[in-house]
Amino acid sequence: MPITEEQRQRAEANRLAALAKRKVFSESIINQQKQQQKQNPWRLFKCRKLCSDLTPCTHDPRSPPLISDGPDSGTQFVEKFLVGLEICPPDSFSVTPKALQGFSCPGVEECLKRLADCLSNVMPSHYTQNHGVGKACVYKLRDYDAVLNSLKNYKGVEIEKIPFGTLNVIHRLSHLGWWAPCRLAHLTDEEVDELFAKLPRKLLDALLPFQVDDLRFGLQRASRCLIADEMGLGKTLQAIAIAGYYVDEGPILVACPAVLLFSPAKELERWLSSCLPSEIHLVFGHRDNPEYLPRYPRIVVISYKMLHHLQKSILVQE
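For the sequence shown, the UniProt record's numbering gives the first residue as 1, with consecutive numbering after it.
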């Protein structure tokens, strides 16, 4: 039902009254803060960035530089970027500059230069290529605390740390002699392009642009990745594409809920033309244990429950 002119005017009057009331309330808060500042002149020095009169604060020369939005614009943005720390097996980690939302990024080369100055007291191992930003500097894990402390003292960055649980597991496995990956931590763009050339054209044409980016991300890390997209975005196709590069190097294990056992097998047959249906083995129970087969299959599809029951016999297979 349409409103009448009288109702519209009443609603507009109520809106204007509410705005006027809010303005009076805001002005009273500001006046109270000014009075408190006059009573305590040292209040401003306790927190220089919180100006009660809403005037810009004096820029601290130790802070990152301010970048103006334009010659006639009063808006200024602070230069700041994100530093991502990522494990590079077996005994290193990478330091990668990334753009930080809401801040002006000086560019990858300038970020790497600033990081080199910030971490001048730590000896880098080498440079590697990383997803999205090009180069990243690699340091030894024994220097992780030194790198982290240096970054904390530099005000122009935010740090994306390696999770404590990940570091703890790596240290424990290293002492036991179990942390010895058989592949390089990061592949170069040229090596990834060579892997792309091996992908069936049918599968490559079915991938959307964001899936191609994710596939490149996974291949750069020698398939060590977690695909955590929402449902319906093609995680299965991405996983099959990554697994397709290593299907000739050894058996591939696919674990899924028991009710979905046929689904990955069907998709594998569809997209990996190099795999015959007889080379994809489904495990429904103990009788389907791959160790009973005369020849180990190229792909094993198993439920989580059966994987728990048969994990010992599966792990001993080469």
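No wet-lab data here; the hints were simulated from the structure.
Misleading hints may appear alongside valid ones.
Within a straight-line C-alpha distance of at most 25 Å, the following computed DSS-like cross-link-like pairs (lysine-lysine) qualify [what the hints assert, rightly or not]:
#, residue 1, residue 2
1, K23, K34
2, K202, K152
3, K202, K235
4, K80, K98
5, K34, K113
6, K34, K80
7, K202, K161
8, K23, K80
For this session: Just pull the numbers of the violated hints for me, sorted ascending.
Result: Numbers 2, 5, 6, 7 and 8, in rising order.
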